[in-house]
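Count the sequence shown with the numbering used here and you get residues 66 to 454, in order.
Since the hints were made in silico from the structure, they are not lab data. Bear in mind that the values here come from a model prediction, so they are computed numbers and not experimental data. Heads up, a few of these hints could be off.
Each computed EDC-like pair below joins lysine to aspartate or glutamate, with the alpha-carbon atoms no more than 16 Å apart [claimed, not checked]:
no.	residue 1	residue 2
1	Lys120	Glu102
2	Lys337	Asp386
3	Lys120	Glu100
4	Lys120	Asp97
5	Lys337	Asp307
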Amino acid sequence: MTIPLLLLAAAFLLILANGFFVAAEFGLVTVDRPEAERAAAEGDRRARRVVDSLKELSFQLSGTQLGITLTSLVVGMLAEPALAGLLHGPFTALGLPEGVVPGVCVAVGMLLASAVQMVIGELVPKNWAVSRPLQVARFVAGPQHRFARLFRPVIAGLNAVANRLVRALGFEPADELASARTPGELVSLARHSARAGTLEQDTADLFVRTLATLSLGDLTAQHVMTPRVRVAALQASATAEDVINLTRATGLSRFPVYRERIDEIVGMAHLKDALAVPAPERLRTPVTRMCRPALLVPETLPVRPLLTRLRSEQPIAVVVDEYGGTAGVVTLEDIVEELVGEVRDEHDGLDLPELAPAVAENGAPAWDADGGCRIDVLGRAGLRAPEGP
66 MTIPLLLLAA AFLLILANGF FVAAEFGLVT VDRPEAERAA AEGDRRARRV
116 VDSLKELSFQ LSGTQLGITL TSLVVGMLAE PALAGLLHGP FTALGLPEGV
166 VPGVCVAVGM LLASAVQMVI GELVPKNWAV SRPLQVARFV AGPQHRFARL
216 FRPVIAGLNA VANRLVRALG FEPADELASA RTPGELVSLA RHSARAGTLE
266 QDTADLFVRT LATLSLGDLT AQHVMTPRVR VAALQASATA EDVINLTRAT
316 GLSRFPVYRE RIDEIVGMAH LKDALAVPAP ERLRTPVTRM CRPALLVPET
366 LPVRPLLTRL RSEQPIAVVV DEYGGTAGVV TLEDIVEELV GEVRDEHDGL
416 DLPELAPAVA ENGAPAWDAD GGCRIDVLGR AGLRAPEGP
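Based on the sequences and whatever the hints tell you, model everything.
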């Protein structure tokens, strides 16, 4: 009886050792490297050891795998026969045939040993490491580093064989995880944090738009402009009074001026110039007399140089398509809204969509809206646009 109990005690200690290696593996994989580096910079020696381990992560993980493999094998060698020996008497007392008892004892012993190994040696340390990555990594990094150094020749040899096999499959092994995040990953993290409640939704939205703005190189004038069908413009025959009236109607202060068609832009009219005309003369003063040169930009112009030109020349530009026609207009406000969302001021109207009753679907009222209407505009009106075409 004494020997089986000693074997079980040794097996239990090895299960705890197995749990240590599992905690080391998950702790090093899940720890946030910037957080560990900040703690190390503040003088935390254990965190400094974590950072050192992360620099050779592949080697350290190979060390944890070696530890897990060795302890698991020895646990099986010790626990199963010890449990089988302890269970032989009780199963015999239950009246089982003598020829069946050894097989039943081995099977039950294997199940019990596997259950304890799985719970204490695998799941508990794994869940601990996932819930407290830095705390666990600080706890295990030192002993794990010494274990890996002790078995360095063995680990290095096994790692070399594994790397050869990985290269044979067409992949290049890496010694450490990439700590940098792509813009797409950061956007996903921000949205996940907002859903989890750890980040305010408005803050997450601003962060996502900021990331989009940091990659403005992907955007062109065509992406941010107001299309020509929504452009408020004046014909060359208009007067200063027409400029003032159009400002009252739209809340805008700058308007493109064209000859016969909107593709023939001749300049840009400004409310300030119209107001500078004496009131009695406004009906007789043609808009062409106070026009300023229009800033023309191609629709393929990237947003970064476009922003530079809008800031240095004038805050509104006419976007020209590949045929020389007017595709729309773009302003500084359009680019700012790409960053922070819609910017409204006292001159903006409610901007509600024009709706027409449609055939009800599933008993719910339905409305038809113009295809150019923005989804957020419909949302402000309390409507939800269906997905798909």
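Each hint tested on the structure:
Annotation: proposed proximity of Lys120 to Glu102 holds, straight-line Cα distance about 11 Å (limit 16 Å). For the given pair, Lys337 sits about 29 Å from Asp386 by alpha-carbon distance, which is inconsistent with the 16 Å threshold. At most 16 Å may separate the alpha-carbon atoms for a hinted pair to count; Lys120 and Glu100 meet this at roughly 15 Å. Of the supplied pair hints, the one linking Lys120 and Asp97 holds, its CA atoms being roughly 13 Å apart against a limit of 16 Å.
Simply put, Lys337 and Asp307 have alpha-carbon atoms about 13 Å apart, close enough for the 16 Å limit, and the pair holds.
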